[in-house]
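Peer 1: Read off the chains here:
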Amino acid sequence: MTPLLSCSSLTMRFGGLTALDSLDLEVDEGEILGLVGPNGSGKTTFFNVVTGIYRPAGGKVVFAGEDVTGMSAQDICRRGIARTFQRSRLCLDLTVLDNIMIGNHKNLNTGFVHNVLRRKAFRADYEAGLERARTLLRALNPLLAGHVHRTVSELNMMDRRRVEVCRALIGSPRLLFLDEPSAGMTHEETRRLMDEVLNMDMGGQPLTMVLIEHEMEVIRRVSTRCAVLNFGRKLCEGDYESVTADPQVREAYLGADL
Amino acid sequence: MPYRSRDLVLPGPAGCILLALCLLGWSVLFLKAEEQSHILVYMISCGMMVLVAALTDLHTGISATIRGNERTWDFCLILVMLALLLIFCDDHYNLFLLGTIMVYAVTVLGLNVQLGCAGVINFSAASFFGIGGYTAALLSGSGLPPLLALPLGGAAAALTGCVLLLPVLRTSGHYAALVTMAFALLFKVFLEVSEWFGGPQGLSVQPLSLFGTDFGKDVHFETLDVSFYVKYDLVCFILLCLVFSFVRRLERSWIGLAMDAVRSDETASACFGINIARWKIVAFTTGNLLAGIAGALYAMMLGYISPANFAFADSLLFLSILLLGGLGNSWGVIPATIFVVVVPEKFQVIQEYRYLIYSALVLFVIVFRPAGLLPRMPRHYFGRSA
Chain A
-8 MTPLLSCSSL TMRFGGLTAL DSLDLEVDEG EILGLVGPNG SGKTTFFNVV
42 TGIYRPAGGK VVFAGEDVTG MSAQDICRRG IARTFQRSRL CLDLTVLDNI
92 MIGNHKNLNT GFVHNVLRRK AFRADYEAGL ERARTLLRAL NPLLAGHVHR
142 TVSELNMMDR RRVEVCRALI GSPRLLFLDE PSAGMTHEET RRLMDEVLNM
192 DMGGQPLTMV LIEHEMEVIR RVSTRCAVLN FGRKLCEGDY ESVTADPQVR
242 EAYLGADL
Chain B
16 MPYRSRDLVL PGPAGCILLA LCLLGWSVLF LKAEEQSHIL VYMISCGMMV
66 LVAALTDLHT GISATIRGNE RTWDFCLILV MLALLLIFCD DHYNLFLLGT
116 IMVYAVTVLG LNVQLGCAGV INFSAASFFG IGGYTAALLS GSGLPPLLAL
166 PLGGAAAALT GCVLLLPVLR TSGHYAALVT MAFALLFKVF LEVSEWFGGP
216 QGLSVQPLSL FGTDFGKDVH FETLDVSFYV KYDLVCFILL CLVFSFVRRL
266 ERSWIGLAMD AVRSDETASA CFGINIARWK IVAFTTGNLL AGIAGALYAM
316 MLGYISPANF AFADSLLFLS ILLLGGLGNS WGVIPATIFV VVVPEKFQVI
366 QEYRYLIYSA LVLFVIVFRP AGLLPRMPRH YFGRSA
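These protein sequences, in sequence, are chains A and B. Residue numbers for the first sequence, in my numbering: -8 to 249. Residue numbers for the second sequence, in my numbering: 16 to 401.
Bear in mind the hints are in silico, worked out from the structure with no lab data behind them. Worth double-checking, as some hints may not be accurate.
To be verified - Pairs of lysine to any residue, SDA-like flavour, derived with a Cα cap of 20 Å:
id: 1; chain 1: A; residue 1: Lys111; chain 2: B; residue 2: Glu281
id: 2; chain 1: A; residue 1: Lys97; chain 2: B; residue 2: Ala292
id: 3; chain 1: A; residue 1: Lys97; chain 2: B; residue 2: Ala375
id: 4; chain 1: A; residue 1: Lys111; chain 2: B; residue 2: Asp280
id: 5; chain 1: A; residue 1: Lys97; chain 2: B; residue 2: Asn290
id: 6; chain 1: A; residue 1: Lys97; chain 2: B; residue 2: Lys47
id: 7; chain 1: B; residue 1: Lys47; chain 2: B; residue 2: Asp280
id: 8; chain 1: A; residue 1: Lys97; chain 2: B; residue 2: Pro182
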């Protein structure tokens, strides 16, 4: 079976700093890959390169059999990769619904006639979108589904994360990147959020996920496979036990003398 | 039950009618007043009322009444406008003032699409307003129906705006502001040296004519003289209503949402498949189109235009109206335009210092009420309930 996402010798440089150093990484359909590594090891850069925010200095990204190297973020989104951000990038002054619908932009009809002149048709369209957003929210937090018209600035951190996850999921992506969902949340909250995400019904489609996380407990519970990055290189990959037992990983994470 | 001042406001349509009557009464008194001291008293009383409403929480009740009965409120406003036209039907001066307010409001609504929705800064709104005006002037005597000057003026402004698209898209923040400022300054210099455009003296513009009525002439009924401005004001009002509802629908649609996303966070927008350049172009062009249409109508109403009508200071004026009213809130545009246009006209004492006062006011608003007098509301696609 060909992998859903396959990156070969992916390289990204910022001036003199090599953030990704000929990285080879594959993600299979239906798996949940935990991406770990110390701060500055290139995890987020990897997301940014694959999602098209940065253009790689070298290497190749193949998604679902298509070479997407150097494509714009917009084109890559349309091919079915969605993501969340490490530091929340929700629009605080927009409502929960608005933020989620932004994630569905590629499926929305933004034609002038539809939006401005044919308000009845638009209303039906809007109500379908509203229902879909509510269904997604209900799966994460039933309370939140009743607050779709609140602005995001009124929500707590946990609910904001939920909105971010819904925004990434509403476009039915084939591949989901979660960039440190635990940032700014307690262990318990992270655990609940991940359970909610895993239990989500994606309409029979298997959800493939790459998860960046510092919280090793989350990685242990959630991921089917782990990859460890350090200085932009892949240190090792495998299941959780073998990766955490790897002396190189322990050295990179905890220092040499442990 | 605890006393709440917001309960004072009548709920439902009755509240709307009461509000509209208050509005009408105050407008008539204010516009009829000529004595500077009277005008000052009216202005202070209005300011006091706003202050009292803000302090006693009365405004939440008022806005709830309006939002709960949007249709009634819209209808009431239309009646207020028609009543004003009827009351002042022989008063050239006040009618011209009303027309100016409406034309300016249309331009600022366009600016609101640019800056308020998509975050595209434009310091040359007056230039696009002027392009519309000069299009109307050049079309004078061409034999084309004068009404055609409105869409053509809008189209000319939108097309000229395309010249600026590339630099506006490739720059951001201060640099984009500088690009549009440079355009505004160049535009005025260009008009002043160009013989074709009449140089500094400007050009005369033929009056509008519709259904065989010449908009340049007064109408006489029995004993009543109806100013020709009534006709212009009606056209201005129709234009304003159309543009207002257009902009409101645009804001409350997926288009408005995409523009909001572009304004708030370009990186995240790109990651969700939003074409940033496309929405900036749409917003910029739409705004210029509206400014051009408004400019063409204004020029016909004035009958004569010169580069001095479309100076950089006027662009700043349009921007300050938007900031004053509340960036991104179309409703805020209306009171802000009324304030900025009417006060210096009626209160002649400050005429000379008006730019000083505007700048002080805008600074005051930015410091103490950064979102404007009527801040942007969370989006509700269909009324409050939906």
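Peer 1: Is Lys97 of chain A within 20 Å of Asn290 of chain B, Cα to Cα?
Peer 2: Between Lys97 of chain A and Asn290 of chain B the Cα gap is close to 10 Å, so the pair holds against 20 Å.
Peer 1: Given the hint that Lys47 of chain B pairs with Asp280 of chain B, test it: the Cα-Cα distance must not exceed 20 Å.
Peer 2: violated (48 Å)
Peer 1: Check the hint pairing Lys97 of chain A with Pro182 of chain B against an upper bound of 20 Å on the C-alpha distance.
Peer 2: Since the Cα atoms of Lys97 of chain A and Pro182 of chain B sit roughly 27 Å apart, the hinted pair is violated (cutoff 20 Å).
Peer 1: Sort out whether Lys47 of chain B lies within 20 Å of Lys97 of chain A, counting only the CA atoms.
Peer 2: violated (55 Å)
Peer 1: Is it true that the CA of Lys97 of chain A sits at most 20 Å from the CA of Ala375 of chain B?
Peer 2: violated (44 Å)
Peer 1: Taken at face value, is the distance from the CA of Glu281 of chain B to the CA of Lys111 of chain A at most 20 Å?
Peer 2: violated (30 Å)
Peer 1: Given the hint that Lys111 of chain A pairs with Asp280 of chain B, does the C-alpha gap stay at or below 20 Å?
Peer 2: violated (30 Å)
Peer 1: Decide if the proposed pair is consistent with the structure: Lys97 of chain A and Ala292 of chain B, CA atoms, cutoff 20 Å inclusive.
Peer 2: holds (15 Å)
Hints 1, 3, 4, 6, 7 and 8 from the earlier list are contradicted by this structure; the remaining hints agree with it.
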